[in-house]
Amino acid sequence: MPVAAPSGDRFTVRIQAEDFDTAAEIAALSAGRVDIGAVVTFSGLCRADDAGDSAPDGSRLVALTLEHYPGMAEEEIRRLVDEARTRWPLLGATVIHRHGRIVPGENIVLVVTASPHRGAAFEAAAFLMDWLKTRAPFWKLEERAEARNWVAAKEADDAAAERWTAGTP
Amino acid sequence: MPVAAPSGDRFTVRIQAEDFDTAAEIAALSAGRVDIGAVVTFSGLCRADDAGDSAPDGSRLVALTLEHYPGMAEEEIRRLVDEARTRWPLLGATVIHRHGRIVPGENIVLVVTASPHRGAAFEAAAFLMDWLKTRAPFWKLEERAEARNWVAAKEADDAAAERWTAGTP
Amino acid sequence: MKILYFAWVRERIGREAEEVEAPDEVRTVAELAAFLAARGEGYAEAFKEPKVVRAAIDRRHARPDAAIAGAREIAFFPPMTGG
Amino acid sequence: MKILYFAWVRERIGREAEEVEAPDEVRTVAELAAFLAARGEGYAEAFKEPKVVRAAIDRRHARPDAAIAGAREIAFFPPMTGG
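Residue numbers (our numbering), protein chains in the order written: chain A, 1 to 169; chain B, 1001 to 1169; chain C, 2001 to 2083; chain D, 3001 to 3083.
To be clear, the hints were calculated from the coordinates, so they are not data collected in a lab.
Fair warning: this is a prediction, and the values are worked out from it, not measured in the lab.
Accuracy of the hints is not assured; some may be wrong.
Output of the computed footprint for chain A on chain C, the stretches with three or more beta carbons under 8 Å from beta carbons of chain A [said to hold, decoys possible]:
id	segment
1	2016-2023
2	2073-2083
Each computed DSBU-like pair below joins lysine-lysine, with the alpha-carbon atoms no more than 35 Å apart [claimed, not checked]:
id	chain 1	residue 1	chain 2	residue 2
3	D	K3048	B	K1154
4	C	K2048	A	K154
5	C	K2051	A	K154
6	C	K2002	C	K2051
7	D	K3048	D	K3002
8	D	K3002	D	K3051
9	B	K1154	D	K3002
10	A	K154	C	K2002
11	C	K2048	C	K2002
12	B	K1154	D	K3051
Beta carbons: idealized from backbone N, C-alpha and C, even for Gly.
Hey, can you work out the whole structure from these sequences and the hints?
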């Protein structure tokens, strides 16, 4: 569970079907404050050639459908945000993950981190993305002209998450 | 000089007094394309306590004035972007650096990177910021209640830039 | 206890959730998976590579040797592919 | 050639730019800095710690031992603090 936030701290996790507005999320985190020196955002988008190498029929992606575990997804991401807060001096963080059907070019996930310093903002954002990939309970179903397949987890994602490990979250 | 961009590549460097619109810059980079999987933005803001530790009179920052070398600043940042393009598979990048008087809470610098994959987008953005700090010809003059001082370069910034070195840009 | 299934585990079993009373000798996540695998063809298919299927106990990731005593909700699913 | 000064180098010297004809024996950035340092009090103050002052030749960073022959524009400035 999140530690009670010192006043001025802004930490948000949302799981939603709707798209998000990156600019509004940056503004929500940083508006009216003068202690933030660095804001990093990561937007993950659906690519037309997502996992294209492994498409059995080589056809282009029509859409992804993201299934999630509603009771757990938000809780697990909150735990990752709490872990990030123990590691870096964050003044705010926002994670939004969409579910449902998403077509190429659309947003899937947003991570925003704010800190006095750039290193912390960069590292916390990369950490959140790496861990979110391997721990947040979401599953991508690919829809192509001739097939639908569940996307296989990537070993590269496990490796990316492992690089933060000494104490895992 | 930038290599002629393959069609669809979007690389922009701007030095300007005006503020920038992060959302518009993300949109300019990613609108209408389905090959981008990851967009990372870094916004550097002016903090009220910027370099506060070293303020001779401990007073809060009133403003920063950024002086730059107009003929060189854009060229040097373009060289850094070109270097980033040789290192990571970027589909676009935008760097905007402001000059002139900037008060706490305002934007100073924006870096946006777009790539098929998140690792490349994160690393290229961090690389551009680290190198920009130590190589782009900008100088910060602090204005405080009782003093004005040129900000001293930080060894930590040199160290951050050095971590990318094997071949320096 | 309540058991939930997601993604291809859900598709193979053909249901999202069910109430299950496991016998007392089923004490861990791995033992529960083996118990479920014996319930029919879809189950057997879902759990045929038991190391691939992940689990959560009461909405927290759990290892195969985690004890299930006292759990209210246990979920089985493939490796996550969000983000 | 044209010489430019920025930030506190500019302030100490009291000017932004000037045309300078350096004698032939001034061949490197470091030699040019030493030559300029001898032009007066402000110059001496600007270059009193020569290792701190950075230089660019024709808008590219240049080391102290870089040759200045053929340069059109040479700039001197403190370590950069942008970003």
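Quick rundown of the hints versus the structure:
For the segment 2016-2023 of chain C, the stated coverage by chain A is not satisfied: 0 residues place a CB nearer than 8 Å to a CB of that chain, which falls below the threshold of 3. Counting residues of the segment 2073-2083 of chain C whose CB falls under 8 Å from any CB of chain A gives 9; the rule of at least 3 is met. With a C-alpha separation of about 20 Å, the suggested pairing of K3048/D with K1154/B holds against the 35 Å cut-off. With a C-alpha separation of about 20 Å, the suggested pairing of K2048/C with K154/A holds against the 35 Å cut-off.
Between K2051/C and K154/A, the direct Cα distance comes to roughly 15 Å. Compliance with the 35 Å bound is thereby established for this hinted pair. Annotation: proposed proximity of K2002/C to K2051/C holds, straight-line Cα distance about 22 Å (limit 35 Å). For the hint linking K3048/D to K3002/D, the alpha-carbon distance of about 21 Å falls within 35 Å, and the restraint holds. At most 35 Å may separate the alpha-carbon atoms for a hinted pair to count; K3002/D and K3051/D meet this at roughly 22 Å.
For the proposed pair K1154/B and K3002/D, the alpha carbon gap of about 30 Å is at most 35 Å, so the pair holds. Simply put, K154/A and K2002/C have alpha-carbon atoms about 30 Å apart, close enough for the 35 Å limit, and the pair holds. Restraint check for K2048/C and K2002/C: satisfied, since their Cα atoms lie roughly 21 Å apart, inside the 35 Å limit. Distance hint between K1154/B and K3051/D is fulfilled; the C-alpha atoms sit about 15 Å from each other, no more than 35 Å.
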